[in-house]
Amino acid sequence: MSEPSFEDAQRELEAIVNRLESGDAPLDEALKLWQRGEELYRLCRERLENAEGKIEELASRAESARPS
Amino acid sequence: MGAFNRGIASWLGRLPTVWVEGEITELRRQARWASVFFTLKDPADGSCLSVSMPRGQFDAVGGSVSDGDRVHVYGRPELFAARGEFRLRALSLEQFGLGDHLAALERLKQKLAAEGLFAAERKRALPRFPRKIGLVTGNDAAAKRDVLTAIQSRFPPASVLVGETYVQGPRAASAVIETLRALCREEGVDVIVVARGGGSFEDLLPFSDERLVRAIAACPVPVVTAVGHEQDTPLCDLASDARASTPSVAARLVVPDLNELLARLDRARSGLERGARRALERERQKLDRTHERLGRAPRLLVERSRHRLEQSAGRLRALSPKATLARGYAIVRSSDEIVRSGSAVEPGERVDIELAEGGFGARVEETR
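First to last, the sequence lines map onto chains A and B. Going by the numbering used here, 7 is the number at position 7 of the first sequence; the sequence numbering is gapless. Going by the numbering used here, 287 is the number at position 287 of the second sequence; the sequence numbering is gapless.
Everything labelled a hint here was simulated from the structure, so no lab data went into it. Each hint should be verified, as a subset may be incorrect.
What the hints assert, rightly or not - Rough simulated footprint, nothing fancy, chain B against chain A, three-plus residues with beta-carbon under 8 Å:
1. 6-15
2. 33-39
3. 51-58
A virtual CB, placed ideally from N, CA and C, is assigned to each residue, including glycine.
Hey, can you work out the whole structure from these sequences and the hints?
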């Protein structure tokens, strides 16, 4: 299974939080949902850090390409 | 045949003397000739008229006249019978004065304006980034250098194709037209500048020449004119797509300012970077908030479950015998059996009484 996109992961994470906050999930299921939520959170963090790295890289490349 | 020529000659001789206006070309004057010869040309349509004038009279009034000058000639049409040539025999000649020139210019201006040649809606927009700029200018350096310097200091990568030409004298108008056309035929020329430095009124007259004015109006490529100084308005300025009073104004019209362009590009780039960082920051904060909620949710859930459990326990406890005892009931036991009926015991028998708090032993007095 391919990894979900940042937006998909974020959407799923929010759905999980909403379900947990509604309080109508059975405890067993709630624990599973929490675990899945943490997994999705980690995935989103990674995506954001990658994006930040890319921004820095492009910014420094643009800086060096600037005519002096 | 001789009689025919003579007949025409005498017939022509009956015509009155007239004033004719035109431009002098092909002036031929030699000391040993009794007459001076020249051709009068109509600058508008190019039609020609041969003129002869007694040398003495010519020298008296037109000694300073040369090719290209506009003149009024007073004379009589005649046929040179020996050769069958028609010409105007000039008796007097007047060089065009300033007033004549101005009046002629004004007439031409009215005529071209009436044709709509100067109309604002005919003006074309100049290209923002011309690939190649045509420059029609004299080979006298000053105007050429000024425009080139102005263009290249504003936009160093500009590619300028210079067409050198006469910008003064009787051949100027047609030479400028020819150069203009040659530049138009070049690949990639997006705009043409016609430049000429300041000069006297007469010096700038070729730039009001009807043919040149029409050529500029008809030019397939947009034309900027930079002719003379601020106060001069040669007619070509009215027909061109834009007029510049100085070389630097011309440069401003035809090329963008490279420094300003780079600065704008720079601003756009940093805006781009700021935008990307802002989007990233927004996502990060949103994710953090969601994660915080995620962390809180299970504990909340456990808390809620515990609460529900407590409630159940409470209800459970409410159903237990202890609670019944607490409400004032007592349990009577005889030999560890709960006594549910009076007939289950005998008077004098010992029973145990259990209360909410502790209990006591007792003897049955009577049964009912």
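Hints and how they fare:
Interface restraint, the stretch 6-15 of chain A with chain B: holds (4 residues with C-beta to C-beta distance below 8 Å; minimum three). Coverage of the stretch 33-39 of chain A by chain B holds [criterion: at least 3 residues with CB-CB distance below 8 Å; count 3]. Here's how the stretch 51-58 of chain A fares: 4 of its residues keep a CB closer than 8 Å to some CB of chain B, so the rule of at least three is met and the hint holds.
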